[in-house]
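Colleague: Now for the letters of each chain:
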Amino acid sequence: MLAHLPILQVIVPLMAAPLCLFLTRSRLVWLFTLIASGLAFLISSLLLQQVMVSGTIIYELGGWDAPWGIEYRIDQLNAFLLLIISAVSTIVLLAAHTSIKQEIPADRHTLFYILYLLSLAGMLGIVATGDAFNVFVFLEISSLSAYALIALGKDRRALWASYQYLIMGTIGATFILIGIGMMYQMTGTLNMDDLSKRLPEVAHTRTVFTAFAFVIVGVCLKLALFPLHLWLPNAYAYAPSIVTAFFAATATKVAVYLLIRFTFSVFGLSFSFTALPLQMLFVVLGLLGIFAASIAAIYQKNVKHLFAYSSVAQIGYMIVGFSVSTTTGLMATLLHLFNHALMKSALFLALAAVVYRIGSVQLSQFHGLGRQMPFTMAAIVIGGLSLIGVPLTVGFVSKWYLALATLENGWWPVTALILLGSLLAIVYVWRIVEVAYFKPPIAGRESIKEAPLSFLIPIWTLVIANIYFGIDTRLSVQVAQAASQSLFGVSP
Amino acid sequence: MLMGLYNYWIVVVLMMVGFYIVIAHGNLIKKIVGLSIFQTSVFIFYISMAKVEGGTAPILAEGIRQYSNPLPHVLILTAIVVGIATTALGLALAVRIKEAYGSIEEEDIQKKDNLDC
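Those protein sequence lines, which keep their order, are chains A and B.
All residue numbers for the first sequence refer to the working numbering, where the first residue is 1 and numbers rise by one.
All residue numbers for the second sequence refer to the working numbering, where the first residue is 1 and numbers rise by one.
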């Protein structure tokens, strides 16, 4: 059983999805989904533990040897990502039953859970697999279910957002497919490990260079790197609140993982950073993303939009860390990946609770909510502090390592800009605080009460995680360090 | 050079035609058509790269030494299925957009969205 964990990680949610059809009652389906996601979480914790103790796990599907068969390869980086995705999915699901009762018509509840599980399985598959074509297949499984999930939103704009995401996402995925095809053409293999050994022999050819360019652009579309982020704000803002909480914490992270995997493992560090001026490109786009998206966030009237733009900005921080291309830089990226997942899932879940109570996330509707929904709003404040990077929250940890990494490289102007970018976060978080705490409640809405426990428990689990991992950084830093060192080929 | 690699030229032309339609057209159905052409070009790319000159289908038979590579064909079967799913979902969304907005022109939809804000 333990030997089969890598495949069970993907198979459990994948198989659970169609089984949902046999359960008719919404509550039953929810419990079943929760159990499947919880199992995935359990498996990923076991995997992480195993990887940290005994190193990379290799699992051959159907017993076929690696270059011919598909292999699943779990190293520190994969295990870390698997844990983030399955943990967030499970915690977010706790609130799903209450939240979708209001946002999705009853006859679509089962479909919602099926899509949710498929999307989860797709993301876990992308991370677990060690086969380049398999990545594309799982990418499309998770994306197709994501488009459908977003289209479930109440507002008609959800349809339009979903359509735009479909177009952009498919272009991105097809670019990745072209890149993989060219790599296969040159090397005759699809196994990532095998590719990394064979690509250097043909690295000077134009085909490999083109393949690299296609893969990078495709992945950047998926991870919403500025200026390819245009699909993201509307998709996040109009999707059902639970879906937003899940995707904001996981979807773009998976794409960041792909970027790291392709540049560091498959193409190799020396090729990736010499073939294209990747370092320059990413540091500029990352910083532009931080500023453009943070400034856009300041002017949003819809709080979901506001945090969606802030997500684009946070992607910018991850990309800056990536572009430093030292172990500390990559570590900062991985830490921010983990930490941002915690912040954004907490924030968007809190917004889901607000939607549940007042049915809107317009900033003008937030008046006086600080007193009416104290626990929910406190969660937004702490999540916001974490976004800014205040000490004792997780946001501080990742900003600290990011600043360290850029300073180590002598990029002090970049460090200064990162800190300046954090100041912008203060502005947009303050706008919410000001409205929620310093304005009187809207007339006729005095009866608004605190969100039910089914919201508060998952929200506060995430908020406490935000504080806990900000103080006790052993787990996250240790894993991130091990992962980035193994990517650089440094033995710890 | 030009004639010898004509299949790749077809791929490139189809790819650019499809990509251009996706970007330039405002009609949602046309966008999906463009997307399909774009994806199809990639299918042809995979299939033509697997062809070995003088090779046949990979079935064991006497007197045949050279086979074409079957793997890209199998891969592209998967990609075709994915492409169909994408097209179907895209069209389904277009139907629902038509019901909700009364139009499938990007400009009209954008205009109505701006009014909502």
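Just so you know, the hints here were simulated from the structure itself, not pulled from any lab data.
A quick note: this is a predicted structure, and the numbers were derived from the prediction, not measured.
One thing to keep in mind: the hints can contain errors.
[What the hints assert, rightly or not] Partial list, computed: chain B residues near chain A (C-beta under 7 Å):
(1) Ala24
(2) Val42
(3) Ile44
(4) Thr78
(5) Asp113
All C-beta atoms, glycine included, are put in the ideal place defined by N, C-alpha and C.
Colleague: Can the hint on B:Ile44 be confirmed by a CB-to-CB distance to chain A that is less than 7 Å?
Modeller: Since the shortest Cβ distance to chain A is 11 Å, the answer is violated.
Colleague: May I ask you to test the interface hint for B:Asp113 with respect to chain A, counting a Cβ-Cβ separation under 7 Å as satisfied?
Modeller: holds (6 Å)
Colleague: With a cut-off of 7 Å on the beta carbons, see whether B:Val42 makes it to chain A.
Modeller: At 6 Å from the nearest chain A Cβ, B:Val42 passes the 7 Å test, so the hint holds.
Colleague: Does the interface hint hold: is B:Thr78 within less than 7 Å of chain A, judged Cβ to Cβ?
Modeller: For B:Thr78, the interface hint holds, since the closest Cβ of chain A sits about 6 Å away, which is under 7 Å.
Colleague: Given B:Ala24 as an interface hint, is its Cβ closer than 7 Å to any Cβ of chain A?
Modeller: Because about 13 Å separates B:Ala24 from the closest Cβ in chain A, which is outside the 7 Å limit, the hint is violated.
Hints 1, 3 from the earlier list are contradicted by this structure; the remaining hints agree with it.
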